[in-house]
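Peer 1: Given only the sequences and the hints, what does the whole structure look like? Please build it.
So the protein lines, in turn, are chains A and B.
Everything in the first sequence is counted per our numbering, starting at 3 for the first residue and increasing by one.
Everything in the second sequence is counted per our numbering, starting at 5 for the first residue and increasing by one.
In case anyone wonders, no lab produced these hints; they're calculated from the structure.
Do not take every clue at face value.
DEER-style ranges, computed between Cβ atoms [stated by the list, open to error]:
1) B:V131 <-> A:P199: 22 to 28 Å
2) A:G165 <-> B:T95: 44 to 50 Å
3) A:N69 <-> B:A159: 34 to 40 Å
4) A:D136 <-> B:G128: 38 to 44 Å
If you want the ones that stay clear, here's a sample from chain A, every Cβ over 12 Å from chain B, calculated [unchecked claim]:
5) N74
6) A113
7) G147
In this text, a Cβ means the ideal position worked out from N, Cα and C, and glycines have one as well.
Each chain, letter by letter, is given below.
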Amino acid sequence: MKRLNLFFVLSILFLSGILFMSADHIDAPAVTNGSSDIADFYAFESSENSNNMVFAITLQGLLSPNNTAAANFDENVLVEINIDNNSDNVEDLVIQLIPRDGKMYAFGPYAPGTTGLNSSIDELATRMEVDITDYGNNAVIGTSGNSKLFAGPRDDPFFFDLGAYTDVLAGNATGFSDPGTDTFAGTNVLAIVVEVPKSTLGNDTSVNTWVETKVKN
Amino acid sequence: MFSINKFFTLILLLSVSLFLTSCDKDEDDMPTVDFSGTFSQADQMGRPAVNTVFVPSDRKDDFNTTTPAEMGGAFSSIFETTLTTLNPGYTTNALGLDAPTFSSVLATDILTVSTSGVTTFFDGTNVLTGRTLTDDVIDVELLLIFGGPDGSANAGLTSDNVSSNDKAFESGFPYLATPW
Numbered sequence: 003m004k005r006l007n008l009f010f011v012l013s014i015l016f017l018s019g020i021l022f023m024s025a026d027h028i029d030a031p032a033v034t035n036g037s038s039d040i041a042d043f044y045a046f047e048s049s050e051n052s053n054n055m056v057f058a059i060t061l062q063g064l065l066s067p068n069n070t071a072a073a074n075f076d077e078n079v080l081v082e083i084n085i086d087n088n089s090d091n092v093e094d095l096v097i098q099l100i101p102r103d104g105k106m107y108a109f110g111p112y113a114p115g116t117t118g119l120n121s122s123i124d125e126l127a128t129r130m131e132v133d134i135t136d137y138g139n140n141a142v143i144g145t146s147g148n149s150k151l152f153a154g155p156r157d158d159p160f161f162f163d164l165g166a167y168t169d170v171l172a173g174n175a176t177g178f179s180d181p182g183t184d185t186f187a188g189t190n191v192l193a194i195v196v197e198v199p200k201s202t203l204g205n206d207t208s209v210n211t212w213v214e215t216k217v218k219n
Numbered sequence: 005m006f007s008i009n010k011f012f013t014l015i016l017l018l019s020v021s022l023f024l025t026s027c028d029k030d031e032d033d034m035p036t037v038d039f040s041g042t043f044s045q046a047d048q049m050g051r052p053a054v055n056t057v058f059v060p061s062d063r064k065d066d067f068n069t070t071t072p073a074e075m076g077g078a079f080s081s082i083f084e085t086t087l088t089t090l091n092p093g094y095t096t097n098a099l100g101l102d103a104p105t106f107s108s109v110l111a112t113d114i115l116t117v118s119t120s121g122v123t124t125f126f127d128g129t130n131v132l133t134g135r136t137l138t139d140d141v142i143d144v145e146l147l148l149i150f151g152g153p154d155g156s157a158n159a160g161l162t163s164d165n166v167s168s169n170d171k172a173f174e175s176g177f178p179y180l181a182t183p184w
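Peer 2: Shown next, in the form of structure tokens:
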């Protein structure tokens with residue numbers, strides 16, 4: 003009974019804010035459902051080459067299969083992977099990803115001229131490019147040395163029983179269902195996957211990383 | 005004298021024409037792509053679900069435009085309020101972190117990634133050394149929020165019972181599964 007009361011309080015506090023919660027999908031009013039809305043961010047060692055690190059960013063979550071072919075990366079949105087290699091939570095290196103005329107371009111990793119909320123692209127930085135893969139086509143993979151780049155629609159890799167979580171917060175359930183239901187099953191995202199040699203990320207044994215979307219002024 | 009002048013003139017003309025030719029050639033090979041301008045922050049993310057779960061609705065946009073270096077100072081107390089509202093019985097979690105410490109860790113929304121070992125959100129041994137596609141990050145976070153010091157508290161709230169993706173990931177680049 004106490005838990006039920008707790009969840010009623012919770013529902014008032016949080017329900018509106020988290021109704022469509024996922025890892026970062028649709029997390030805030032200014033970006034929700036827009037082309038700059040980050041869905042998820044992954045960083046892991048390449049299973050193909052242990053000297054490489056993979057970064058995967060998903061955008062524009064909850065695309066139905068019928069809507070996927072029409073979804074496009076926005077040329078005004080810069081996706082920036084930030085890498086801090088001295089633990090001050092300020093980026094020392096960036097990988098910048100931006101689409102132009104059917105291609106995705108990747109700049110870096112390189113040390114940006116400025117850090118923080120505003121960015122520009124140093125066109126002299128290390129560059130890689132790939133044709134954006136169309137819905138229904140085989141993945142087009144860009145390569146440069148040991149680095150790789152992909153951009154295009156993919157299955158949303160995120161899995162979560164959002165419905166049950168919402169029910170819990172709303173006080174309609176005291177716990178999750180078993181088995182649960184993956185709310186993101188059968189939905190797509192726009193994905194960018196970039197793989198780079200770990201040696202390009204600095205010399206430390208670990209890095210701090212986060213991803214940003216930045217919109218052209 | 006005349007022939008020397010003529011020679012120099014010829015060289016000059018030749019240089020100019022070569023220069024122009026090479027310029028034209030560059031334009032043919034590499035059409036100009038415009039990457040100019042300043043780009044200003046809209047969204048950001050380190051660990052999964054942090055902004056979504058812990059930041060109140062009216063501060064979510066603020067959180068997205070606060071640099072990680074400033075997040076801890078600006079948001080730790082808000083995170084602690086959320087944490088103790090979600091789980092009023094919170095003491096410590098499986099990482100041994102009390103509410104202020106856990107809130108402070110979460111508020112700086114960065115993902116630490118090992119460049120020298122296993123990369124995983126949590127694999128039973130390694131904690132927060134990356135995030136792979138198969139990591140059940142929601143269960144890890146539910147366990148740390150609701151599970152108490154040994155993970156046994158609030159049993160119905162520590163797993164959503166969805167432990168894997170709906171489509172198998174690919175073994176090679178780009179790793180994510182083909183779209184539906």
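Peer 1: Each of the hints needs a verdict: does it hold here or not?
Peer 2: Hint-by-hint comparison with the structure:
no.: 1; hint: B:V131 <-> A:P199: 22 to 28 Å; in the structure: holds (26 Å)
no.: 2; hint: A:G165 <-> B:T95: 44 to 50 Å; in the structure: violated (30 Å)
no.: 3; hint: A:N69 <-> B:A159: 34 to 40 Å; in the structure: holds (39 Å)
no.: 4; hint: A:D136 <-> B:G128: 38 to 44 Å; in the structure: holds (40 Å)
no.: 5; hint: N74; in the structure: holds (14 Å)
no.: 6; hint: A113; in the structure: holds (17 Å)
no.: 7; hint: G147; in the structure: holds (14 Å)
Checked against the numbered hints given earlier, this structure breaks only hint 2.
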